[in-house]
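All the letters of the sequence shown, read from the start, carry residue numbers 2 to 244 under the working numbering.
For the record, the hints were derived by calculation from the structure and aren't laboratory data. Treat the numbers as computed from the prediction; the structure is a model and nothing was measured. Do not take every clue at face value.
[Unchecked claim] Once the Cα atoms are required to be at most 25 Å apart in a straight line, the calculated SDA-like pairs of lysine to any residue come out as: (1) Lys226 to Val215; (2) Lys226 to Ile200; (3) Lys226 to Val207; (4) Lys226 to Gly195; (5) Lys226 to Ala209; (6) Lys226 to Ala210; (7) Lys226 to Ile173; (8) Lys226 to Met202; (9) Lys226 to Arg239; (10) Lys226 to Gly140; (11) Lys226 to Arg204; (12) Lys226 to Arg238.
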Amino acid sequence: MSRGPVNQQPSGRQGGEDLLARQLGEMARQLQGERDTGAMLDELVVAAVSLIPGADEGSISVVRGRRDITSSSASGDLPRRVDEVQSAVREGPCLDAAYEQQTVRVPDMRTESRWPRFAARAAELGAASMLSFQLYVVGDTLGALNLYGRRPGAFDDDSEHVGLIFASHAAIAFADAQKLDQLSQGLASRDLIGQAKGILMERYGVDAAQAFSVLTRVSQAENRKLHAVATELVTRRRLPGQV
2 MSRGPVNQQP SGRQGGEDLL ARQLGEMARQ LQGERDTGAM LDELVVAAVS LIPGADEGSI
62 SVVRGRRDIT SSSASGDLPR RVDEVQSAVR EGPCLDAAYE QQTVRVPDMR TESRWPRFAA
122 RAAELGAASM LSFQLYVVGD TLGALNLYGR RPGAFDDDSE HVGLIFASHA AIAFADAQKL
182 DQLSQGLASR DLIGQAKGIL MERYGVDAAQ AFSVLTRVSQ AENRKLHAVA TELVTRRRLP
242 GQV
């Protein structure tokens, strides 16, 4: 009995998209078990440089207050230095991608006219071309995925297409990691407040509700967060304002 073709490889654009889908699926599975946000961002940058055509370097940058840029993760020194330039001159593709557009492509830094101060310095550093994607927006904090080519014209329409798909997956992974971080911080804060209540209960013979009331009153009187009041009591064995 004859059989049909086994593991037949698709061709053309569809074949490339099928391969990309498998690679992104594998990346997602690897990131599911990663609980450290910094490590996860590093892995995302490595994957982006590997998967997006034309990329020699990459970074995930965080933009705060509309112009303050820092590299949360970078493949090398070039992305960090380029971020420093953008932050200093307050212009560049990362800022535009983060605040105004979903995607920004720079074919040739030497002839780039949209950000003349940035482009001249970036070209001197060795960033001949660049591709930036918006990742997320949370209040006045934004994130962008940046790819760097060491030759002009490193990025084409295919690079942009793959990058957009990758950025959408990366944004979801980053959001999930942020939720885990917030959950961990919340649990740690709750545990610390519990320790502080225990100290007050033992020291003054009060119940849990009364101990919590003491902490909240001190927090309001000192104009400090409840977590900070609890931290001082646990670490220094005294409440703020006590000698």
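Results of checking the hints against the structure:
no.: 1; hint: Lys226 to Val215; result: 13 Å, holds
no.: 2; hint: Lys226 to Ile200; result: 18 Å, holds
no.: 3; hint: Lys226 to Val207; result: 22 Å, holds
no.: 4; hint: Lys226 to Gly195; result: 15 Å, holds
no.: 5; hint: Lys226 to Ala209; result: 19 Å, holds
no.: 6; hint: Lys226 to Ala210; result: 18 Å, holds
no.: 7; hint: Lys226 to Ile173; result: 31 Å, violated
no.: 8; hint: Lys226 to Met202; result: 20 Å, holds
no.: 9; hint: Lys226 to Arg239; result: 16 Å, holds
no.: 10; hint: Lys226 to Gly140; result: 21 Å, holds
no.: 11; hint: Lys226 to Arg204; result: 22 Å, holds
no.: 12; hint: Lys226 to Arg238; result: 17 Å, holds
Of the hints listed earlier, the one the structure fails to meet is number 7.
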